[in-house]
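**Student:** With these hints in hand, go ahead and build the complete structure from the sequences.
Chain by chain, the residues run as shown.
Number of protein chains: 2
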Amino acid sequence: MKKIHIVGLGLLGGSFALASKDKFPDILISGTDADEKNLQDALNLGIIQEAKEAPDADTDIVILATPADTLGDLLLTTLDQIGENTLVFDVGSTKAKLCELVADHPKRKQYLAAHPIAGTEYSGPNAAFAGLLDRKVTIICDLEKTDLGLKEKAYKLFDALNLKLRFMDPEEHDRHLAFVSHLSHISSFMLGKTVLQKMEDEKNIFDMAGSGFASTVRLAKSSPAMWAPIFTENKTNILSALDGYISNLSAFRDKIAANDGQGLSDEMSEINKIREILDLEK
Amino acid sequence: MKKIHIVGLGLLGGSFALASKDKFPDILISGTDADEKNLQDALNLGIIQEAKEAPDADTDIVILATPADTLGDLLLTTLDQIGENTLVFDVGSTKAKLCELVADHPKRKQYLAAHPIAGTEYSGPNAAFAGLLDRKVTIICDLEKTDLGLKEKAYKLFDALNLKLRFMDPEEHDRHLAFVSHLSHISSFMLGKTVLQKMEDEKNIFDMAGSGFASTVRLAKSSPAMWAPIFTENKTNILSALDGYISNLSAFRDKIAANDGQGLSDEMSEINKIREILDLEK
Numbered sequence: 001m002k003k004i005h006i007v008g009l010g011l012l013g014g015s016f017a018l019a020s021k022d023k024f025p026d027i028l029i030s031g032t033d034a035d036e037k038n039l040q041d042a043l044n045l046g047i048i049q050e051a052k053e054a055p056d057a058d059t060d061i062v063i064l065a066t067p068a069d070t071l072g073d074l075l076l077t078t079l080d081q082i083g084e085n086t087l088v089f090d091v092g093s094t095k096a097k098l099c100e101l102v103a104d105h106p107k108r109k110q111y112l113a114a115h116p117i118a119g120t121e122y123s124g125p126n127a128a129f130a131g132l133l134d135r136k137v138t139i140i141c142d143l144e145k146t147d148l149g150l151k152e153k154a155y156k157l158f159d160a161l162n163l164k165l166r167f168m169d170p171e172e173h174d175r176h177l178a179f180v181s182h183l184s185h186i187s188s189f190m191l192g193k194t195v196l197q198k199m200e201d202e203k204n205i206f207d208m209a210g211s212g213f214a215s216t217v218r219l220a221k222s223s224p225a226m227w228a229p230i231f232t233e234n235k236t237n238i239l240s241a242l243d244g245y246i247s248n249l250s251a252f253r254d255k256i257a258a259n260d261g262q263g264l265s266d267e268m269s270e271i272n273k274i275r276e277i278l279d280l281e282k
Numbered sequence: 001m002k003k004i005h006i007v008g009l010g011l012l013g014g015s016f017a018l019a020s021k022d023k024f025p026d027i028l029i030s031g032t033d034a035d036e037k038n039l040q041d042a043l044n045l046g047i048i049q050e051a052k053e054a055p056d057a058d059t060d061i062v063i064l065a066t067p068a069d070t071l072g073d074l075l076l077t078t079l080d081q082i083g084e085n086t087l088v089f090d091v092g093s094t095k096a097k098l099c100e101l102v103a104d105h106p107k108r109k110q111y112l113a114a115h116p117i118a119g120t121e122y123s124g125p126n127a128a129f130a131g132l133l134d135r136k137v138t139i140i141c142d143l144e145k146t147d148l149g150l151k152e153k154a155y156k157l158f159d160a161l162n163l164k165l166r167f168m169d170p171e172e173h174d175r176h177l178a179f180v181s182h183l184s185h186i187s188s189f190m191l192g193k194t195v196l197q198k199m200e201d202e203k204n205i206f207d208m209a210g211s212g213f214a215s216t217v218r219l220a221k222s223s224p225a226m227w228a229p230i231f232t233e234n235k236t237n238i239l240s241a242l243d244g245y246i247s248n249l250s251a252f253r254d255k256i257a258a259n260d261g262q263g264l265s266d267e268m269s270e271i272n273k274i275r276e277i278l279d280l281e282k
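Quick mapping for you: the protein sequence lines, in order, are chains A and B. The first sequence maps to residues 1 to 282 in the UniProt record's numbering. The second sequence maps to residues 1 to 282 in the UniProt record's numbering.
No wet-lab data here; the hints were simulated from the structure. These numbers were taken from a predicted model, which means no experiment stands behind them. Take the hints with a grain of salt, since some may be wrong.
For identical chains, the list gives no copy identity; a pair is met inside one copy or between any two copies.
Unchecked claim - The calculated lysine-lysine pairs, modelled on DSS-like cross-linking and capped at a C-alpha distance of 30 Å, are:
| # | residue 1 | residue 2 |
| --- | --- | --- |
| 1 | Lys97 | Lys3 |
| 2 | Lys203 | Lys151 |
| 3 | Lys107 | Lys156 |
| 4 | Lys203 | Lys3 |
| 5 | Lys198 | Lys145 |
| 6 | Lys273 | Lys198 |
| 7 | Lys145 | Lys37 |
| 8 | Lys235 | Lys203 |
| 9 | Lys255 | Lys97 |
| 10 | Lys97 | Lys198 |
| 11 | Lys255 | Lys3 |
| 12 | Lys156 | Lys203 |
| 13 | Lys97 | Lys145 |
| 14 | Lys198 | Lys164 |
**Tutor:** Next up, the structure:
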């Protein structure tokens, strides 16, 4: 592992760079970012050693870490640029469209569809840190379509970074993520919005917010530039998740309106079983 | 401060006991709980030194820490039991109905309406810990209706426990809390429910859940016995918060359906201003 090139030097791309440099001190990391300030910050922070538009022909791995709606064009461009021993993987939160786009591409076997489930509510190179990826689940889609030798390169990096790999098809990935990630972000943003609207009438409302509110609203700090494209790219699955959520909220609302204390309590007891599931995952 | 009596020895009542004993080692804490096992646990854990149904006549402070829908009757009973130098305060999450109930009670001045904004997703005496209340905002309602001398007793305890006091009328309290606490719990429970429903079709879905999901769904582990009564006690305000939330979700849904990336991004950028507000509160 001698050369990595990263396109998109934000939280995830930047953290890949920092962690890779930690594990492979002799590696040369180049990269680029559509935002000139991000690129300069990435150089100043030592995230990349060299600013460069396209990867060198002998680059081992190219990581694509830009917003979800830009990954399609970027992947096609990158496949045109790379040498034959280079692997490209993206780290986007949606996988189906991307995998479909390159399904019949002559260089398909040089691409690996990856999604590390890692992030914080902050964004940009300044938010990146080497520990972000440590022991995080990373989903790999359509594994069989990637060249065996090039996969070995990816495994070498993933193992060094302590990623926990899971494998599934891209449609399954997108369906699952709509529920366990994308929906959370929407529920959090809308919670933030609802309370901000209330604050226009009622001052100091946030002074009374406890740790529960902070926890549920945390994701409302997330980057719109990252999330708006995810919501439209994974539209069908997200609408299905969101419709289920709204329908559950409406039914719960009606139980409150009817003073149905027993019904509310029974329903919440049933949902409490999420305790065991979440604790199991730890 | 020589004697405290606590009714309801769960997370909040138990934590008051442990913190009070920390700060006033010579104090005698008695208490009771409707659940025999909780009572026994509280004795075994040293949360109370004595199990006792009613407070002694020379008890300094009685703390009522039972579910919201039981506090009305309990407060009336307690006011009948206490000596004239005893202060009673409750720690319930709703205040308006309670304050109205005792507005003209002959012993009104021996009651203080309090709400410490403190909790975790766990419940019962085993979840109690002395640090829970440390530096937590505590809302006091209708302060002027409590006897001056008895208030001093409460202040002595609150100061020792490092509570940060805020003052407002009970209606304002209930309106605010519907938005910054009660709504969060509903959004979290319904998120948990929506994902559990999906899990019936799709296995291993939680394996892909990141820290964002864990954070937004954490409150779905909360106690139904505590929360169902809060939802019905504060019904009007919660329905107003919930209707606003559902309406915001539906409008956001429509933007996704319309592929309105710019609209989604603009809306989230606006909501991002919650960053400064939340960081300010720290």
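**Student:** Each hint should be assessed against the structure and marked as holding or not.
**Tutor:** Hint check:
{"no.": "1", "hint": "Lys97 - Lys3", "result": "within (28 Å within a copy, 67 Å between copies)"}
{"no.": "2", "hint": "Lys203 - Lys151", "result": "between (56 Å within a copy, 27 Å between copies)"}
{"no.": "3", "hint": "Lys107 - Lys156", "result": "within (21 Å within a copy, 74 Å between copies)"}
{"no.": "4", "hint": "Lys203 - Lys3", "result": "neither (54 Å within a copy, 38 Å between copies)"}
{"no.": "5", "hint": "Lys198 - Lys145", "result": "between (51 Å within a copy, 29 Å between copies)"}
{"no.": "6", "hint": "Lys273 - Lys198", "result": "between (32 Å within a copy, 14 Å between copies)"}
{"no.": "7", "hint": "Lys145 - Lys37", "result": "neither (37 Å within a copy, 58 Å between copies)"}
{"no.": "8", "hint": "Lys235 - Lys203", "result": "between (36 Å within a copy, 22 Å between copies)"}
{"no.": "9", "hint": "Lys255 - Lys97", "result": "between (40 Å within a copy, 20 Å between copies)"}
{"no.": "10", "hint": "Lys97 - Lys198", "result": "between (39 Å within a copy, 22 Å between copies)"}
{"no.": "11", "hint": "Lys255 - Lys3", "result": "neither (59 Å within a copy, 42 Å between copies)"}
{"no.": "12", "hint": "Lys156 - Lys203", "result": "between (54 Å within a copy, 29 Å between copies)"}
{"no.": "13", "hint": "Lys97 - Lys145", "result": "within (15 Å within a copy, 64 Å between copies)"}
{"no.": "14", "hint": "Lys198 - Lys164", "result": "between (42 Å within a copy, 23 Å between copies)"}
This entry does not satisfy hints 4, 7, 11, going by the numbered hints stated previously.
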